[in-house]
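S.K.: One letter stands for each residue in the lines below.
Number of protein chains: 2
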Amino acid sequence: MNDLARYQRLTIHPGQISGNQAQLTPEQSHYLRRVLRLQTGDEFIAMDGQGHWWRAQLDAAQTAQLGEVLPIHRELPAPVALLMGIPKGDGMDAIIRQATELGVRQIFPLITERTQVHPHPTRRHRWRKIATEAAEQSWRQWLPEIFPAQPLATAWAEVGAVPKFVCDPSPGVPHLCRVLPAAPQPLAVCIGPEGGWSAGELAWLQANGGQRVSLGRRVLRTVTAPLAALALIGAKWEEHL
Amino acid sequence: MNDLARYQRLTIHPGQISGNQAQLTPEQSHYLRRVLRLQTGDEFIAMDGQGHWWRAQLDAAQTAQLGEVLPIHRELPAPVALLMGIPKGDGMDAIIRQATELGVRQIFPLITERTQVHPHPTRRHRWRKIATEAAEQSWRQWLPEIFPAQPLATAWAEVGAVPKFVCDPSPGVPHLCRVLPAAPQPLAVCIGPEGGWSAGELAWLQANGGQRVSLGRRVLRTVTAPLAALALIGAKWEEHL
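Residue numbers (this note's numbering), protein chains in the order written: chain E, 134 to 374; chain V, 134 to 374.
Here chain E stands alone, though its shape is the one from the complex (with noise of 0.2 Å):
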């Protein structure tokens, strides 16, 4: 199994598996060997979304076989949550997809004074579904968790006491790779919705620990934002910039 590229890749929920062998959903069944065509002995990569990948085997039954763990590396080297206002329409989509993708560890997607929609509960549903997906395409080990949206100082509490970083394109504020930590550690980059964080939000974030940092420049949107904290943290940690 040299070639992992070659290799279908498939989330199967730690509780489904006992020992060496995993118990497939009727759905995964159907998606191994009905979408996908595989048959009984044909390989593919279990990947349980918690750190592990394993060469797996499709059995007869409902259930596969999992063979040696595979050496994958593609985590950032310390978990980082996002804080992310809700955007309008299918933003949060996007930002789901594409923060998987470059790696972020939690998303709390936030009700903020600014927010324009109010989710429904089911839509978490949508949004778990897309951080799967995106992380079988982009080889992510762990499925990012994706928590209810939830009141700023709900999340705030939920996220736990590790150094904030809240995105604000006021004047004078520092590049946050002035102040990223050099080390890799647990952190969490805030980013406000449309229009931003209300001033009563930016003085309470402060007031709580909350780091204001820049991203550059230029003007970001709220679904642009995430990503490029993201990639500067990843740069920063993986290749020392």
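Source of the hints: derived by calculation from the structure; they are not laboratory data.
One should not assume that every hint holds.
Since the list gives no way to pick out one identical chain from another, each pair is judged satisfied if it fits inside one copy or across any two copies.
[Stated by the list, open to error] As a list, the in silico BS3-like pairs of lysine-lysine whose alpha-carbon atoms are at most 30 Å apart:
#, residue 1, residue 2
1, Lys369, Lys297
2, Lys297, Lys221
3, Lys262, Lys221
4, Lys297, Lys262
None of the values given here were measured: they were computed from a predicted structure.
Use these hints to put chain V onto chain E, whose structure you have.
M.R.: Chain V alone, transformed into the frame defined by chain E:
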């Protein structure tokens, strides 16, 4: 005019400008008066898309008076061209919008071996409209130039004798940030469509002076790669990372 964010921005072609007067098209006049509801004497920001911003004042006729030149510094320190394999669906729309936000100066949509769409020539109209809107929204001084969809070799010749970096996710390829010149200079970034470059294209690109670069450990889709590349170039040149 201290708080520039308060003012509407409108791109006016240099050919419409004579001395301190800009002749508006009927569409521009309609937009200013009917959509934005400006009245005679009201101010807005006029951009020529070639580096200049002016304070402008709406006249009684279909003209605007150009006042002081406004000091804006939003451009990358040197122009960056993007040679971009055309992705499926409306992926190119998102790339043009977001690459404009991130400072691109020229976009060459490429028809490559694995390009599955051959856009109708009228599509370029749409792309230019998207670039114009994005340039206004993101406070660009230069309107990115959108070239017609063309074969790789044609675009390669047209972009001229600048360093060209070819994104290639193969193992062992150096990271863009390691080979990017520290001193800003005109250059081009080349990104393949879904499915990437063919082996023949990759050989041709290298034989013709293209330098292969990685954008990091993670597999990025074709719509995400140009955004990561532009974000990294901006940070390296402007923050001296």
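S.K.: Now, for every hint given, state plainly whether the structure supports it.
M.R.: Against the structure, the hints come out as follows:
Proximity of Lys369 to Lys297 under the C-alpha cut-off of 30 Å is found in both arrangements, the shortest distances being 17 Å within a copy and 23 Å between copies. For the homomeric pair Lys297 and Lys221, the shortest alpha-carbon distance inside one copy (24 Å) is at most 30 Å, but the shortest distance between copies (36 Å) is not. Proximity of Lys262 and Lys221 under a CA criterion of 30 Å is satisfied in both settings, with 19 Å inside one chain copy and 21 Å between copies. Within a single copy, Lys297 and Lys262 get their C-alpha atoms as close as 27 Å, which meets the 30 Å cut-off; across copies the closest is 37 Å, which misses it.
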